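Enquirer: Each chain, letter by letter, is given below.
Number of protein chains: 2
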Amino acid sequence: MEFIEEIASLRDQISFDGTIDIPEDFDNVVIAGMGGSGIAGRIFQEWFTKKPVVLVNSYDIPEFVSKRTLFIAISYSGNTEETIHATLEAAKKGAKIRGISSGGKLAEIIDNTLIIPRSFQPRSAVGFLTVPLLRSFGLVNEEEIAVTKNLLGEEDQHTQEYQQIANDIFSQNKIPVIFGIPGLSSVAYRWKTQFNENAKVLAYSSSFPELNHNDTMALENTYRKGEFYFMVLRTKAVRKEISARIGITSKLCKIDMKGIEGEGNSLFSNIFTLIHKGDYISYFLAKMRGVDPKDVTIIESLKKEIGETK
Amino acid sequence: MEFIEEIASLRDQISFDGTIDIPEDFDNVVIAGMGGSGIAGRIFQEWFTKKPVVLVNSYDIPEFVSKRTLFIAISYSGNTEETIHATLEAAKKGAKIRGISSGGKLAEIIDNTLIIPRSFQPRSAVGFLTVPLLRSFGLVNEEEIAVTKNLLGEEDQHTQEYQQIANDIFSQNKIPVIFGIPGLSSVAYRWKTQFNENAKVLAYSSSFPELNHNDTMALENTYRKGEFYFMVLRTKAVRKEISARIGITSKLCKIDMKGIEGEGNSLFSNIFTLIHKGDYISYFLAKMRGVDPKDVTIIESLKKEIGETK
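Listed in order, the protein sequences are those of chains A and B.
FYI, in my numbering the residues of the first sequence are 1239 to 1548.
FYI, in my numbering the residues of the second sequence are 1239 to 1548.
Just chain A, with the same shape it has in the complex (with noise of 0.2 angstroms):
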């Protein structure tokens, strides 16, 4: 599959409807994954607060993990090294375990796996990766599924403001930084990441309100403040103490900000929208740069080469 036939493979992946079991009683959630399959925890995280959620993007889990634990563990491959090795530690915990995976040895150690279609790129997959959280926690309904298909099918019909966004980026060098607000911080750092591996360039993202105690001092008087390309990931409705936080700090820093809003009225299509935006300039970035969006040698090497040094 060309590139960006998984990208705009989006679309279809949100619909894809197999869920996880989510036990009666719980006291708290732990989701292990790491990087594009990492995502899915992050986005969830940001969204559901009804229990403590807490992120496992290492080896080692919480020590509070037990059988009043939900531990969901998230690998495209099935295979990621840090994601079985907190598996595993969770099982000895007794906590409850669900597995979201392609296959893989996370198939074989997690009875509870939902498997997700194979052949994409792990972060190309992020619909069947992450939309199954969502779907099983009560968080989307399918009408805003269905708004946000058709959604992201006229995003796939007008990719020239993307090509643009890239074109700006690439004709300077400028060194793609995103920032969230809260809700999207996770869909920010979705973007730096894409940056990273679609367009192999160094991106970071950070968020309101939280830059504005620390980035802000940097952004008036930074050298090389010229290279960087400053995005705001939006909804059109923002609480107004971020929208005049948004303002501000454009005005005192005496920056452009690229403001990038959302699509729809749920929070739902907001998300999936503004990450197809992203997966939409990081690929053409790559093209414009002459690298290729699917390549991942040096992930694939370094895992190779830590999997021999032991």
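In case anyone wonders, no lab produced these hints; they're calculated from the structure.
One or more of the hints may lead you astray.
Copies of the same chain look alike in the list, so a pair counts if it fits in one copy or across any two.
Stated by the list, open to error - The calculated BS3-like cross-link candidates involving lysine-lysine, where the alpha carbons are at most 25 angstroms apart (straight line), are:
{"#": "1", "residue 1": "Lys1412", "residue 2": "Lys1532"}
{"#": "2", "residue 1": "Lys1478", "residue 2": "Lys1463"}
{"#": "3", "residue 1": "Lys1525", "residue 2": "Lys1496"}
{"#": "4", "residue 1": "Lys1331", "residue 2": "Lys1542"}
{"#": "5", "residue 1": "Lys1331", "residue 2": "Lys1496"}
{"#": "6", "residue 1": "Lys1289", "residue 2": "Lys1330"}
{"#": "7", "residue 1": "Lys1305", "residue 2": "Lys1330"}
{"#": "8", "residue 1": "Lys1343", "residue 2": "Lys1478"}
{"#": "9", "residue 1": "Lys1288", "residue 2": "Lys1305"}
{"#": "10", "residue 1": "Lys1412", "residue 2": "Lys1492"}
{"#": "11", "residue 1": "Lys1288", "residue 2": "Lys1331"}
{"#": "12", "residue 1": "Lys1330", "residue 2": "Lys1525"}
{"#": "13", "residue 1": "Lys1541", "residue 2": "Lys1463"}
{"#": "14", "residue 1": "Lys1532", "residue 2": "Lys1288"}
{"#": "15", "residue 1": "Lys1492", "residue 2": "Lys1334"}
{"#": "16", "residue 1": "Lys1474", "residue 2": "Lys1330"}
{"#": "17", "residue 1": "Lys1289", "residue 2": "Lys1305"}
{"#": "18", "residue 1": "Lys1474", "residue 2": "Lys1541"}
Predicted model, so just to flag it, every value in this text is computed and none were measured.
Position chain B relative to chain A; hints supplied.
Expert: Positioned in the frame of chain A, the structure of chain B alone reads:
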């Protein structure tokens, strides 16, 4: 007080013996804090894993907050808008509320506020803000504190190395990128914020092993590659998988990463000596740039303007 004296005061700050009263029974911990005050919560969250710890870096609190939640509000000034708002929300839900502050509104609205010394920049009070948390939860003992005091004193006497690193960054206007390892991600973030606020330069942090799933693809081939200054914060002893990742990343991505080790054998001494090194480096970078490390006029103007929009 000169800003460098504020930095050097860390040695004395860490033996501050104030504590907050930890209730016998609670299900989870929520810590609200922004910027320089938020660092305390980040360090604590990475260290204390006996209960789920969730950070609030904005206005709103998670839905799960209840009478069974220990809610800790940290604001050096006591007047941070986001933290005050979150604290009032937590009070409505009946959470067990504690505060750490030098005064301000927070001390008025929370009965159980630990009052810490005034007249520092919030980011320079990192010892006063963090040690009470660690002490109250029994994470550090007097011997570790005494050893760390000595180590910090030695660092104060030998700052040439930090001047050299600042000079390496300054002489080519490099963008500082700080990589952490598990247990030190919060310290890597602290360095980023100190580069922002003290030296007024944009800087970014990420952590092993997560960065091996995204940044890695950019590190080899990104444009502007020579314009970044990569650092790895680490302890002497590092889990073998992480140690392998550091070496292999450097080799495969063909980048130099300046390794910076914490001092002593405890996690406490490693965290605080690394914080101290970063404080000095960002201070010297400010001096080389001819900017005032203490100045945070823009953050103050922003807070004022936001207040006025209401």
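Enquirer: For every hint, state whether the structure bears it out.
Expert: Taking the hints in turn, this is what the structure says about them:
{"no.": "1", "hint": "Lys1412 - Lys1532", "in the structure": "within (21 angstroms within a copy, 29 angstroms between copies)"}
{"no.": "2", "hint": "Lys1478 - Lys1463", "in the structure": "neither (28 angstroms within a copy, 39 angstroms between copies)"}
{"no.": "3", "hint": "Lys1525 - Lys1496", "in the structure": "within (21 angstroms within a copy, 32 angstroms between copies)"}
{"no.": "4", "hint": "Lys1331 - Lys1542", "in the structure": "neither (29 angstroms within a copy, 50 angstroms between copies)"}
{"no.": "5", "hint": "Lys1331 - Lys1496", "in the structure": "neither (47 angstroms within a copy, 38 angstroms between copies)"}
{"no.": "6", "hint": "Lys1289 - Lys1330", "in the structure": "both (22 angstroms within a copy, 18 angstroms between copies)"}
{"no.": "7", "hint": "Lys1305 - Lys1330", "in the structure": "within (10 angstroms within a copy, 30 angstroms between copies)"}
{"no.": "8", "hint": "Lys1343 - Lys1478", "in the structure": "between (47 angstroms within a copy, 22 angstroms between copies)"}
{"no.": "9", "hint": "Lys1288 - Lys1305", "in the structure": "both (18 angstroms within a copy, 14 angstroms between copies)"}
{"no.": "10", "hint": "Lys1412 - Lys1492", "in the structure": "both (17 angstroms within a copy, 21 angstroms between copies)"}
{"no.": "11", "hint": "Lys1288 - Lys1331", "in the structure": "both (23 angstroms within a copy, 13 angstroms between copies)"}
{"no.": "12", "hint": "Lys1330 - Lys1525", "in the structure": "neither (46 angstroms within a copy, 53 angstroms between copies)"}
{"no.": "13", "hint": "Lys1541 - Lys1463", "in the structure": "between (35 angstroms within a copy, 23 angstroms between copies)"}
{"no.": "14", "hint": "Lys1532 - Lys1288", "in the structure": "neither (37 angstroms within a copy, 41 angstroms between copies)"}
{"no.": "15", "hint": "Lys1492 - Lys1334", "in the structure": "neither (51 angstroms within a copy, 42 angstroms between copies)"}
{"no.": "16", "hint": "Lys1474 - Lys1330", "in the structure": "neither (46 angstroms within a copy, 29 angstroms between copies)"}
{"no.": "17", "hint": "Lys1289 - Lys1305", "in the structure": "both (15 angstroms within a copy, 14 angstroms between copies)"}
{"no.": "18", "hint": "Lys1474 - Lys1541", "in the structure": "between (41 angstroms within a copy, 24 angstroms between copies)"}
The structure fails hints 2, 4, 5, 12, 14, 15, 16 (numbered hints given earlier, in ascending order).
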